[in-house]
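*Asks:* Okay, here's what each chain looks like letter by letter:
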Amino acid sequence: MSIDVSGITKKFGDFVALDDVSVSLPTGQLTALLGPSGGGKSTLLRVIAGLEAADAGRVTIEGVDATRLPAQKRNVGFVFQHYAVFKHMTVAKNVAFGLEIRRKPKAEIAARVDELLRLVHLSQFSHRLPSQLSGGQRQRMALARALAVEPKVLLLDEPFGALDAKVRKELRDWLRRLHDEVHVTTVFVTHDQEEAMEVADEIVVINDGRVEQVGTPDQLYDEPANDFVMSFLGEVTTLGGVLLRPHDVHISATPQLAGAAEGTVARVLRVGFEVRVNVLTDDGEDVLVVLTRAHARQLGIEPGARVWVTPASGATTVPPMEAAVG
Amino acid sequence: MVEVSTPVRWLLRLAATGYVFFLVAWPVALVVRQTFADGLDNLLATFDDPNVVNALELTLVVACWAVVINTLFGVTISVLLVRYEFPGKRLLSALIDLPLSVSPVVVGLALLLVYNGRNGWFGPSLEDNGFQIIFSTPGMVMATCFVALPLVIREVVPTLTEVGDDQEQAARSLGANARQTFWRITLPSIKWAVIYGVVLSLARSLGEFGAVKIVSGNVTGSTQTATLMVEAKYQNFQQGTAYATSFLLILVSIACLVVVALLRPKHQ
Amino acid sequence: MTSALAGVTTEAAGPASQEGRRPRRARRATPKNTLTRGAALGLGITMVWFSVLVLIPLAAIVATASENGWSQYVDTLQNPQTWAAIKLTVGQALLVTAVNVVMGTMIAWVLVRDRFPGKAILDVIIDVPFALPTIVAGLVLLALYGPESPIGVHWANTERAVFLALAFVTLPFVVRTVQPVLEEIDADVEEAAASLGASRTTIVRRIVLPSLTPAIAAGAALSFARAISEYGSLVLLSGNLPFQTEVVSVRVLSFIENGSTASAAALATIMLAVALLVIVVLDIVQRRVSRRG
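Chains as they are written, first to last, in this note's numbering: chain A, 1 to 326; chain B, 327 to 594; chain C, 595 to 887.
The shape of chain A in the complex, shown without the other chains (with noise of 0.2 Å):
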């Protein structure tokens, strides 16, 4: 395991952002901590970093342990969501800084400057100052910054938090890309469940300071630990006392099935390909339902049409929010 988390906990005055938390990241992937705004993910990062120094626990990074050591000696690499460049150098002389820090040669430098503007498509840029770059190239720079002292493993806080959606996609494939070509142990925090499905080969969904559950993409999607994952990693409704995912509804316009439940179609959306139907079922519950459109046509689905309802063979089940917390 390259980072190993043990009983960290972490107060800021009375708020409690980390509550004895323990991880693995393994070697060579990619890991998201993924969770909503304020839940620990980015402290957590910050201790692991050394940015943060934590009340309680240890952190080991490939098999040393750093609990102790300041940021500096830590080597990883940190990406901050804001970017976090230095204004009154140029390009190239930000991702030389770590280098001239350890004290390379010049040659040295300047030959792997120019690899890693290369690697993040800048070279064109080298002498540009950060405020000429537009967001997108300033975090790409701010990532060859961080790769060119080859730290033991990366850390991006939001990396693409401060980008419009469009720079936030691509940025989010090339960086996948990237680490499958660099192989450095990588670790982004992110509050948005497609881009960590997307990314990640392990996610970490962490909330009110506490890990939720730990997981591959589709192990997360598919058996979510608890309500709070399930609704996290996706839009969720209600049938039956259960939690499950509004695609995984089965509607038809006759009783089909035993044990379905029947219902009014109380309103019908479409958005492109989608329609998303909204069932008051007979015993009270509005049920979200999402088909294709064609479906929904073959059936003759339209407000005040009777519907029957029932959770699709194999669909992903919850139980709701009480039951859960009891």
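I should point out that these hints are in silico values taken from the structure, not numbers from a laboratory.
A portion of the hints provided could be inaccurate.
[Unchecked claim] Example chain A residues on the side facing chain B (calculated, C-beta under 8 Å, incomplete):
id: 1; residue: A49
id: 2; residue: F80
id: 3; residue: K87
id: 4; residue: H88
[Stated by the list, open to error] Listed below are the simulated DSS-like cross-link pairs for lysine-lysine, each with C-alpha atoms no more than 27 Å apart in a straight line:
id: 5; chain 1: A; residue 1: K106; chain 2: A; residue 2: K93
id: 6; chain 1: A; residue 1: K152; chain 2: A; residue 2: K104
id: 7; chain 1: A; residue 1: K93; chain 2: A; residue 2: K73
id: 8; chain 1: A; residue 1: K87; chain 2: A; residue 2: K106
id: 9; chain 1: A; residue 1: K73; chain 2: A; residue 2: K152
id: 10; chain 1: A; residue 1: K93; chain 2: A; residue 2: K152
id: 11; chain 1: A; residue 1: K11; chain 2: B; residue 2: K415
id: 12; chain 1: C; residue 1: K626; chain 2: A; residue 2: K73
id: 13; chain 1: A; residue 1: K166; chain 2: A; residue 2: K87
id: 14; chain 1: A; residue 1: K87; chain 2: A; residue 2: K73
id: 15; chain 1: A; residue 1: K11; chain 2: C; residue 2: K626
id: 16; chain 1: A; residue 1: K152; chain 2: A; residue 2: K106
id: 17; chain 1: A; residue 1: K11; chain 2: A; residue 2: K73
id: 18; chain 1: B; residue 1: K415; chain 2: C; residue 2: K626
id: 19; chain 1: B; residue 1: K517; chain 2: B; residue 2: K415
id: 20; chain 1: A; residue 1: K73; chain 2: A; residue 2: K106
id: 21; chain 1: B; residue 1: K517; chain 2: A; residue 2: K87
id: 22; chain 1: B; residue 1: K517; chain 2: A; residue 2: K93
[What the hints assert, rightly or not] Computed Cβ-Cβ distance ranges for the label pairs, DEER-style:
id: 23; chain 1: B; residue 1: N455; chain 2: C; residue 2: E661; range: 24 to 30 Å
id: 24; chain 1: C; residue 1: R794; chain 2: B; residue 2: L370; range: 56 to 62 Å
id: 25; chain 1: B; residue 1: F348; chain 2: C; residue 2: P711; range: 18 to 24 Å
id: 26; chain 1: C; residue 1: D708; chain 2: A; residue 2: S131; range: 28 to 34 Å
id: 27; chain 1: C; residue 1: D780; chain 2: B; residue 2: L370; range: 43 to 49 Å
id: 28; chain 1: A; residue 1: H127; chain 2: C; residue 2: N627; range: 39 to 45 Å
id: 29; chain 1: B; residue 1: P376; chain 2: C; residue 2: R631; range: 50 to 56 Å
id: 30; chain 1: A; residue 1: K73; chain 2: C; residue 2: N627; range: 21 to 27 Å
id: 31; chain 1: C; residue 1: D708; chain 2: B; residue 2: Q458; range: 52 to 58 Å
Positions of the beta carbon are idealized from the N, C-alpha and C atoms, including for glycine.
Fit chains B and C to the given chain A structure using the hints.
*Replies:* Same frame as chain A, but now just chains B and C:
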């Protein structure tokens, strides 16, 4: 945006410029004109006077020391106030501004009470060990430091707050220690604020009068600074010299203002 | 120069990019010690210097004044010449502060909202009193309002001379505190008010002025503090005539020159108390502004 009607706008414009014209611009212009009433003779005669040259040199020495000390002190205190938490921080940050509202005469008295060689708190023992403060250059440097103390801090603190500590954290994560982070990252990012602070401090230091008058002893040719000389010459009816020295001081202070005005928009 | 004087606006700004990071805000709420060893050393050295330069000397004033207990203050204040100086200083300082509130706000308005050739020069001239040596300020005013006045105004050695000198040296304070706040007032808010049917005077009175009030108050406090402590610009201009144009600072100086240190210290302590009061007022105003911002 409220659009004021044209007559009101003209009225406001006239009142504002008129007030500033009669209070500042015209009087300053008059002094400049009187300096050159006899062409350059007055100015040249003034700088032939060894006492004047001595006063100008002393002013420069005292101001330079005060600026250097205040810059070191100011940058250190600013970094501590913005980047660290410690007990008493709020009190310290309020006290730092105190010198701006203390009368120069009170500053002089305060230093006198502690450092005068006869019956000050520390003065006699310091003089026994060969350190004369009052009626000597160190006392004048201290008085000047006191009155100009907050200027660098007031420039640097807002900039340091605005820049944030992201860049410093990034530097640390890249392996830089505290010293490297300060010299390579923090200082370059507050460079302009420090320069403004230095220029403002310089203007203030060159012009200090009241506090220096009390602690210097005001001895012509030895502890008389340029501002003290202006007073002495004017009261001795050597108005030509007073005007010429004032002109020089006006020139320096306006140059300081212009430097700040030119630099500021580009870098903020 | 702007921020050298504008105390109010600096803290209100704060770091802009911390949204969504709850821990930061929480940390600020609970003061604790985050000094590293190097930082603690730096704090130690600077505190020694600050004490040697500022705190101990100021404490010496208070201590000297208190050696004879309250009677020292009573005696000092009962001296009719001193009392006249206090009355004159406070009276003129209040008058100058009032003028600054009106003129300073007006000048700030003109600098921010008006456009005319030479405005940039006006902007620089505002700072001249701040950068000019005080003794030179006195000399300069004497050129226009003294015995050789080209416009025939002879105010030297009168109460008006005191007013002039104080008005000169305090000119930048209100202007420089109000100006940045006025710049940042959202045009949207005024347009919204206008769209709701507010007249121009109503907008100024109900929208603009209230948001300027803290800045005006801060500028006024700074003006007042500076005015009551002024010395240099009055030396040549006011003549320092007892009972007529002698201000508190001059009084302190003559106590020092006469060797009555205790009286000087007593009067200086009163001036210090006023200075402290101003700082407390400013701190409160600043905190209120930053809480609202």
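*Asks:* Now, for every hint given, state plainly whether the structure supports it.
*Replies:* For each hint, the structure was consulted:
1. A49: holds (6 Å)
2. F80: Status holds, d = 6 Å.
3. K87: This interface hint holds because 7 Å falls under the 8 Å limit.
4. H88: With Cβ-Cβ at 4 Å, under 8 Å, it holds.
5. K106/A with K93/A: holds (12 Å)
6. K152/A with K104/A: Holds. K152/A to K104/A sits at ~18 Å (cutoff 27 Å).
7. K93/A with K73/A: holds (21 Å)
8. K87/A with K106/A: holds (22 Å)
9. K73/A with K152/A: holds (11 Å)
10. K93/A with K152/A: holds (22 Å)
11. K11/A with K415/B: Holds, at about 22 Å.
12. K626/C with K73/A: holds (25 Å)
13. K166/A with K87/A: Satisfied, since the Cα-Cα distance of roughly 25 Å is no more than 27 Å.
14. K87/A with K73/A: holds (24 Å)
15. K11/A with K626/C: holds (13 Å)
16. K152/A with K106/A: holds (23 Å)
17. K11/A with K73/A: holds (24 Å)
18. K415/B with K626/C: Answer holds: K415/B to K626/C is near 10 Å, not above 27 Å.
19. K517/B with K415/B: holds (24 Å)
20. K73/A with K106/A: With a Cα-Cα distance of about 22 Å, the restraint between K73/A and K106/A holds, given a limit of 27 Å.
21. K517/B with K87/A: holds (12 Å)
22. K517/B with K93/A: With a Cα-Cα distance of about 18 Å, the restraint between K517/B and K93/A holds, given a limit of 27 Å.
23. N455/B with E661/C: 24 to 30 Å: holds (27 Å)
24. R794/C with L370/B: 56 to 62 Å: Holds - the Cβ-Cβ distance for R794/C and L370/B, about 57 Å, lies within 56 to 62 Å.
25. F348/B with P711/C: 18 to 24 Å: Since the Cβ atoms of F348/B and P711/C sit about 20 Å apart, the hinted range of 18 to 24 Å holds.
26. D708/C with S131/A: 28 to 34 Å: The hinted range 28 to 34 Å holds for D708/C and S131/A, with Cβ atoms some 32 Å apart.
27. D780/C with L370/B: 43 to 49 Å: The hinted range 43 to 49 Å is violated for D780/C and L370/B, with Cβ atoms some 56 Å apart.
28. H127/A with N627/C: 39 to 45 Å: 43 Å Cβ-Cβ, so the 39 to 45 Å window holds.
29. P376/B with R631/C: 50 to 56 Å: The hinted range 50 to 56 Å holds for P376/B and R631/C, with Cβ atoms some 52 Å apart.
30. K73/A with N627/C: 21 to 27 Å: Given a distance of about 23 Å, which is inside 21 to 27 Å, the answer is holds.
31. D708/C with Q458/B: 52 to 58 Å: holds (55 Å)
Against the hints set out earlier in the document, a violation occurs for number 27 only.
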